[in-house]
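Student: Given next are the chains, with one letter for each unit.
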Amino acid sequence: MDLLSYTPAWISTHGPALLVVLPLMMAVLTAILPSRAAIGGKLAWLAVLATSGICLAVAVSMLLQVMAHGPIDYAMGGWAPPFGIAYRVDALNAPILVLISAVAVLCTLYALPSVDAEVEPKKRAAFYAAFLVSFAGLLGMVITADAFNVFVFLEVSSISTYVLVAMGASRDRRALTSSFNYLVMGSIGATFFVIGIGFLYMQTGTLNMMDMARILQDGGVDSKVTKLAFAFILVGLGLKLAMFPLHTWLPGAYSYAPSFFTAFMAATATKAALYLMLRFSFMVFDPSWAFIGKAVMILVAALGLLGMMAASLQAMFQNDLRRVLAFSSIAQVSYMLLGIGMATTLGLSAGYLHMLNHAIIKGGLFIAAGAFWYRFGITQVCDMRGLGKTMPWTMAGFTVLGISLIGVPGTVGFVSKLALVQAAALHGWWWAIGAIVLTSIMAIIYVGRLIEQAYFQDPPKKGAVTVSKNEAPLMMLIPLWIFAISAIVFGINAEWTTSLAAAAAELLSGGPDTIVPHMGGH
Amino acid sequence: MITLFEHYNYAIVIILMMIGLYVVFSSANMIKKLVGLSIFQTSVFLLYITMGKVTGGQPPILDPAEYESHGGGHESAPAAAHGSGHEAAQASHDAVQSAAHTADVIYSNPLPHVLILTAIVVGVATLAIGLALVVRTREMYGTIEENEIDELDYLGNLEGHAG
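Chains S and D are the protein sequences, given in the same order. Per this note's numbering: the first sequence ends with 541, consecutive numbering throughout. Per this note's numbering: the second sequence ends with 252, consecutive numbering throughout.
Okay, derived cross-link-like pairs now, DSSO-like style, lysine-lysine, Cα gap no bigger than 30 Å in a straight line:
id	chain 1	residue 1	chain 2	residue 2
1	D	Lys-142	S	Lys-246
2	S	Lys-480	S	Lys-408
3	S	Lys-488	S	Lys-61
4	S	Lys-313	S	Lys-243
5	S	Lys-243	D	Lys-142
6	S	Lys-481	S	Lys-408
Okay, the calculated bits of chain D under chain S, using three or more residues with CB under 8 Å as the criterion:
id	region
7	112–122
8	132–139
9	231–242
Keep in mind that the hints were calculated from the coordinates and are not lab data. In this text the structure is predicted, and so the values were computed from the model without any measurement. Even for Gly, the Cβ is constructed at its ideal location relative to N, Cα and C.
Bound-form chain S, shown alone:
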């Protein structure tokens, strides 16, 4: 804990507020930058880099403090909870705050060449401002302990996401319809969520999550209003995190958004929503109540299983590179849902670990996919021919992350899939192990297709001349390789990430090694 001594004392008192307020304020400043001048875009980029860098530093020091001294509470505006809005950083959300800010820093590095190529100069400052709003929204919905505040930040991040996805229209006009589709689905999801919050408020008379949990425990477990609230919240968040039948917005949004934002969104957006599902299912409601336990086990685990199969199957038959990765994202989210569905400490820990690891993998893969487009305009799988020769370093990074997605030993994907298999075995869910193995084989096929194209096919010819080597710019290679190297480092030495996941799972299930009792057999 040497690092802890370097963290300033004010982090534990005002860090939580800073994490949300800073990006919001900087978004305003960035939006009013002179956008017509060429310098505007560069200044905005610097502002985003500085903001995400500071947020990362604050998030890391808060994580260290939480691990050493326990949760940090912050009363917004000095109004004591449960009346005021409370922010709470604990073992469950501190790692996700670090994850979101770290991905933001890496993606911002990548944005310099990528946004220059994909967004018109006069729109760049506004584009970066929208990104900061989305970033603030994600941090806000993870950090807050106030149920209605969650809805507000959920919408803050979603609305800016719709805008950012639509900005891909200069590259492909389908971005507009994808964004519209996401807007309709996302708004329905957020509205379902807010209906659920309304019912919870009817039942408990409070909006503070900890207070809600306490009042629900005292009575109202069997109330119809509580059950209804849980149902609405589950469906609303399920839409946001792309739970299997509610995932239809995701492939379009990931495929046609500017590649910088796809990388950020793929690594963070579904994770933040998944965190909320964990927080609500386990810390506001309690799976030991018959209704909640059944819903979590039957619905979440079964939909996770279906999602794994269906999305992996679809990923194998996609022609568009980013659609392959998008369907794989749905499959990976389903793995996490399966872990949650077990509702055991081990299962939760495995699901949480997979959430952290998948963010590393998918962030890097989408960065590489953006780099292929940047150099050669590649969007289709069949156009990836010979990339192993024409972009060796980019393709090598892509390959490392690709095999990590499959779950080859020595990579992060293996660590979390193994944890998931172990949890399933101890829970007696043998069918789940079968499904994990089967979908991993499907992953070999859909990732293998991409790698085969790149390494075992010759580069295309322009007339008589073979396309020459054209490596991605350094600003793209650096973040890509940071993702790729961390995929290996955390794959070989998983102690730190595993301990984070274990701490989060302990918090969720309320003690070490307790199996949350729920109705129904194994």
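Given chain S, work out where chain D should sit, using these hints.
Tutor: Below, chain D without anything else, positioned relative to chain S:
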């Protein structure tokens, strides 16, 4: 049937919600979809406003004279603001409640109204973005009917280029 009439506002909420969702899912026209979405969101506004209604409740405005004479609220508000924790807040809550109780006044709950103001703003923002997207779609595709857009995308795919 009688309960349905007694709680007619809930019935209205459900009817509006279903109309809204039906319009979103059944129409191919992007503007109509947004109309449906707005109706759907409006039903939630009504739900929240219903929630704030307390039978026999007055507008939640404290009578200054009443408030001074009971005194309790005056000291406890700063105590809560200083953040001395849950107990202080609970104490101030009790003080306000007892002040209200002794005066035999029931107030409606103002909090859901405040909450739904926020949700209305969110709804307006969503609608604005949605309409902006419709305008851009019309410019780039020449239509706002989703089946026609799908057809154009399909043709674009066949020709091997998009947009």
